[in-house]
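Q: Here is what each chain is made of, one letter per residue.
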Amino acid sequence: MAPEPSILAVSVSPHIRSGESVEKIMWTVVACLLPPLILSIFIFGFQTLIITLISVASCVVVEAVSQKLLHRPITIKDGSAVITGLLLAYIIPPGVPYWMPILGSVMAIYVAKHLLGGIGFNFFNPALIGRAFLVATFPVAMTSAWLPPIRHASIFKYMGGGVDAVSTATPLYVLKHYGLGAVIEKFGSISTIYGNFFIGWRPGCIGETSALLLLLGGLFLLYKKYITWHIPVSMIGTIALLTWAFGGERAFGGDPLLAILSGGVIIGAFFMATDYVTSPSQPTAKLIFGVCIGALTVLIRLKGGYPEGVCYAILLMNPLTPAFELWFKPKRFAAQKGALK
Amino acid sequence: MNKGLLTFPKGGVHPPESKELTEHLPVEAVPVPSQVDILLTQHFGAPCEPVVKKKDQVAEGDRIGDVEAGLGASVHASVSGKVKNIGFAAHPITVRAPCITIETDTEAPPRKFEPCEWSSLSKEGLLAKIKKAGIVGIGGAGFPTHVKLSPPPEAKVDTLIINGAECEPYLTTDHRLMLEHAEEIIEGAKIILTILGIKQAHIGIEVNKADAIEAMMEAVSKASLNGFDVKVAPLKVKYPQGSEKQLIQSITGRKVPGFGLPFDVGVIVQNAGTTKAIYDAVVLDKPLYEKVITVSGKGIKRPANLLVRIGTRVSDIVSFLGGINEDLAKVVLGGPMMGFAVPSLDVPVIKTTSGILFLTQDEIDTSPHGQCIRCGWCLEACPMGLSPNEIGIYVEGGQAENTAQFGVFECFECGCCAYVCPAKRPLVQFIRLAKMKAKKSM
Ligand code: SF4
Ligand code: SF4
Numbered sequence: 001m002a003p004e005p006s007i008l009a010v011s012v013s014p015h016i017r018s019g020e021s022v023e024k025i026m027w028t029v030v031a032c033l034l035p036p037l038i039l040s041i042f043i044f045g046f047q048t049l050i051i052t053l054i055s056v057a058s059c060v061v062v063e064a065v066s067q068k069l070l071h072r073p074i075t076i077k078d079g080s081a082v083i084t085g086l087l088l089a090y091i092i093p094p095g096v097p098y099w100m101p102i103l104g105s106v107m108a109i110y111v112a113k114h115l116l117g118g119i120g121f122n123f124f125n126p127a128l129i130g131r132a133f134l135v136a137t138f139p140v141a142m143t144s145a146w147l148p149p150i151r152h153a154s155i156f157k158y159m160g161g162g163v164d165a166v167s168t169a170t171p172l173y174v175l176k177h178y179g180l181g182a183v184i185e186k187f188g189s190i191s192t193i194y195g196n197f198f199i200g201w202r203p204g205c206i207g208e209t210s211a212l213l214l215l216l217g218g219l220f221l222l223y224k225k226y227i228t229w230h231i232p233v234s235m236i237g238t239i240a241l242l243t244w245a246f247g248g249e250r251a252f253g254g255d256p257l258l259a260i261l262s263g264g265v266i267i268g269a270f271f272m273a274t275d276y277v278t279s280p281s282q283p284t285a286k287l288i289f290g291v292c293i294g295a296l297t298v299l300i301r302l303k304g305g306y307p308e309g310v311c312y313a314i315l316l317m318n319p320l321t322p323a324f325e326l327w328f329k330p331k332r333f334a335a336q337k338g339a340l341k
Numbered sequence: 001m002n003k004g005l006l007t008f009p010k011g012g013v014h015p016p017e018s019k020e021l022t023e024h025l026p027v028e029a030v031p032v033p034s035q036v037d038i039l040l041t042q043h044f045g046a047p048c049e050p051v052v053k054k055k056d057q058v059a060e061g062d063r064i065g066d067v068e069a070g071l072g073a074s075v076h077a078s079v080s081g082k083v084k085n086i087g088f089a090a091h092p093i094t095v096r097a098p099c100i101t102i103e104t105d106t107e108a109p110p111r112k113f114e115p116c117e118w119s120s121l122s123k124e125g126l127l128a129k130i131k132k133a134g135i136v137g138i139g140g141a142g143f144p145t146h147v148k149l150s151p152p153p154e155a156k157v158d159t160l161i162i163n164g165a166e167c168e169p170y171l172t173t174d175h176r177l178m179l180e181h182a183e184e185i186i187e188g189a190k191i192i193l194t195i196l197g198i199k200q201a202h203i204g205i206e207v208n209k210a211d212a213i214e215a216m217m218e219a220v221s222k223a224s225l226n227g228f229d230v231k232v233a234p235l236k237v238k239y240p241q242g243s244e245k246q247l248i249q250s251i252t253g254r255k256v257p258g259f260g261l262p263f264d265v266g267v268i269v270q271n272a273g274t275t276k277a278i279y280d281a282v283v284l285d286k287p288l289y290e291k292v293i294t295v296s297g298k299g300i301k302r303p304a305n306l307l308v309r310i311g312t313r314v315s316d317i318v319s320f321l322g323g324i325n326e327d328l329a330k331v332v333l334g335g336p337m338m339g340f341a342v343p344s345l346d347v348p349v350i351k352t353t354s355g356i357l358f359l360t361q362d363e364i365d366t367s368p369h370g371q372c373i374r375c376g377w378c379l380e381a382c383p384m385g386l387s388p389n390e391i392g393i394y395v396e397g398g399q400a401e402n403t404a405q406f407g408v409f410e411c412f413e414c415g416c417c418a419y420v421c422p423a424k425r426p427l428v429q430f431i432r433l434a435k436m437k438a439k440k441s442m
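Same order as they appear, the protein sequences are chains A and B.
Heads up: the first sequence runs through residues 1 to 341, numbered per our numbering.
Heads up: the second sequence runs through residues 1 to 442, numbered per our numbering.
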């Protein structure tokens, strides 16, 4: 007789699982988000790293405390709070005081994520709620703490005060209030602008400026099949198309490329609008979702009170996700017609 | 490399094939065990009544259990010997079942079978032989074959599909049967075509079995087909290619309607192993009392493809193969995607056992499950277009009875959803619970 194994696991099939896990997905996203952070140290200075670390640390702590308070399993190891911390820091200006991301993280993680049901049930993208809260509470800091990119100077240039003196304006602000001519006057010829903006050398939020590095990260997520192309493509395409049509002084005179390279379009399209919980799952629904975000972004940029609209556009669409899930369901095999004869 | 091959369009996954452990190993016969436990519920359908008594002498191949009602199939003695007991034994799926235990008479000579000419037999005659031999679908749920081969007259069946897809990882029994018994399988297909009164058959084989495809093609070209149109259909490697509905769609493009059966779209599917058993039943008059199984996984000392008697205990097979490895964590009867985990090695092989897997900790994944993160991967993986994520959330939320809207009853538990779920949610388990509680309505 063979020896009887003492404890055999008995569970329902399947008995093998794919190698993917929530941790793997989340930490891959974290890795994809790191290059823009490193670049931003050189663009806006060393304090961006400090702001980001504070944001990440406070998101992780708030996540642990929230889960403890609400008697839920503590899941800080899964990396999702780290992503929220990174994203929150990436979409605030580089000249804000260090305590600001802490407030933002309480709002993002405790209120937007855990009070609304925890992961899988939250209606809104937590990082965006954190930012929206900060904009509403500290409108001056959040809309003026912009810094001009550092040129030929130390990365510690902006450390320890003096920030107010150098504060600048974002391209979108200049564009909204003074027109394309003023943008060119301030940031150089249009081809210089495309080049610098693509790499990330422009005023803006901490991690949103480098279209290049964010695109590389986004493409890696696409390659890993962690996200699909539908939302980024439809959202960016819509912004380009509508800006071209309505964003200029005459019809079809807008600059679509400038529109995509400024503000938070790339980071929003690849890293925020694609958030699993707060975006639909079916391809058609994703396309419509992306188009709506793009259209709302352009609407806010052109007609709204703020120069940038990506954040609110995504937040406006987030709560419609359950409805999208209801309207667009997978096509049932059994509902298809038989093809006999 | 899989471009242009036949496949089904929606869902499916690519688990590691893990067939290299056994695919090159010829089938070897396991010595007759000292006793066998022959379960009276071997398969889908009514249980058998014993037709022997305790202490009766039986010979290899004798009928020992039979069933009058609808969907049963007879069972036969797999060894010669004495009926030791009629009681209960562990069952691989239903946990406990009535059982006839036979003590083997090691002196008894093995039974010999002579081939006979079948072409003069009528359709009824052929079906009677299949019924008498107790043939069931040995690749799946064990549906009695004589019933499956008697579709209602209004079903206009025009196509037979021989299922050699063998899409479950690890399993290599159909692979070996097609390599080693290609002629018999073709002959079996001809018998089925004769019974159905049709001409056309496709033999579906996934292209990871290139040698089997070649062997079957060669056998087709050498066989005297007398007007039958038999073709080999190479299939893309994608799980669950061998599921009836998916296979029919891959090969014929036809879609079996919800709650419908293959014959609703004019197709009958028979597994390659069952086709070989049909050949044995008709040409050799040999009942189904032994079968080929794959024994594999990193937890067994010597993986193998084995010819075993029905009723052989897993523990006897383990001894034959040199024992188990220390890190064994799970024993599964069947494939890793749809098979059943058993708590002990005391269970006997039944007609539908396609393999026994001895899996170690690194082959399975026992990490605890988390919340659904709504990645939607399960939706994409489900070949039936269901919403396993919602079913899981409803079941966890105590609303199992409201899950029919997500199609629980169309789920055939292929496991694709749970396989891909990054949160490791036990979706098939949730679905089974939902099926018990939900009211059947579309
Ligand atoms: S087990 Fe059911 S729900 Fe899951 S993928 Fe298979 S058919 Fe779909
Ligand atoms: S695969 Fe798992 S985590 Fe993803 S939606 Fe389905 S159940 Fe949720």
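It should be emphasised that the hints constitute simulated quantities derived from the structure, not laboratory data.
This structure is a prediction, so every number in the text was calculated from the model and none was measured.
One or more of the hints may lead you astray.
Distance condition first, Cα-Cα at most 27 Å in a straight line; then the derived DSS-like pairs of lysine-lysine [as the list claims (entries may be wrong)]: (1) Lys424/B with Lys329/A; (2) Lys424/B with Lys331/A; (3) Lys10/B with Lys329/A; (4) Lys24/A with Lys298/B; (5) Lys10/B with Lys331/A; (6) Lys298/B with Lys331/A; (7) Lys55/B with Lys156/B; (8) Lys424/B with Lys77/A; (9) Lys331/A with Lys123/B; (10) Lys298/B with Lys68/A; (11) Lys329/A with Lys437/B; (12) Lys236/B with Lys225/A; (13) Lys123/B with Lys224/A; (14) Lys224/A with Lys435/B; (15) Lys331/A with Lys435/B; (16) Lys123/B with Lys156/B.
Q: For the pair supplied as a hint, Lys298/B and Lys331/A, is the alpha-carbon distance within the 27 Å limit?
A: Violated, at about 39 Å.
Q: Holds or violated: are the alpha carbons of Lys10/B and Lys331/A at most 27 Å from each other?
A: Measuring from Cα to Cα gives roughly 9 Å; hence the hint holds.
Q: Given the hinted pair Lys224/A and Lys435/B, is their alpha-carbon gap at most 27 Å?
A: Not OK: Lys224/A and Lys435/B at ~34 Å, beyond 27 Å, violated.
Q: Hey, Lys24/A versus Lys298/B, does the alpha-carbon distance stay inside 27 Å?
A: 26 Å, holds
Q: Taken at face value, is the distance from the CA of Lys156/B to the CA of Lys55/B at most 27 Å?
A: 49 Å, violated
Q: So if I understand the rule, the pair passes when the alpha-carbon distance is 27 Å or less; does Lys329/A with Lys437/B pass?
A: 23 Å, holds
Q: Quickly compare the C-alpha distance for Lys298/B and Lys68/A to 27 Å and report which way the hint goes.
A: Distance ~41 Å between Lys298/B and Lys68/A Cα, so the pair is violated.
Q: For a C-alpha distance cap of 27 Å, please report whether Lys424/B and Lys331/A respect it.
A: Holds: Lys424/B and Lys331/A sit about 24 Å apart, inside 27 Å.
Q: Measure nothing beyond the straight line between the CA atoms of Lys424/B and Lys77/A; if it is 27 Å or shorter, mark the hint as holding.
A: 16 Å, holds
Q: Take a quick look at whether Lys10/B and Lys329/A sit within 27 Å of each other, Cα to Cα.
A: 14 Å, holds
Q: Please verify whether Lys331/A and Lys123/B have alpha carbons no more than 27 Å apart.
A: 41 Å, violated
Q: Please verify whether Lys236/B and Lys225/A have alpha carbons no more than 27 Å apart.
A: Given pair Lys236/B, Lys225/A holds - Cα atoms ~21 Å apart, limit 27 Å.
Hints 6, 7, 9, 10, 13 and 14, counting from the list given before, are not met by this structure.
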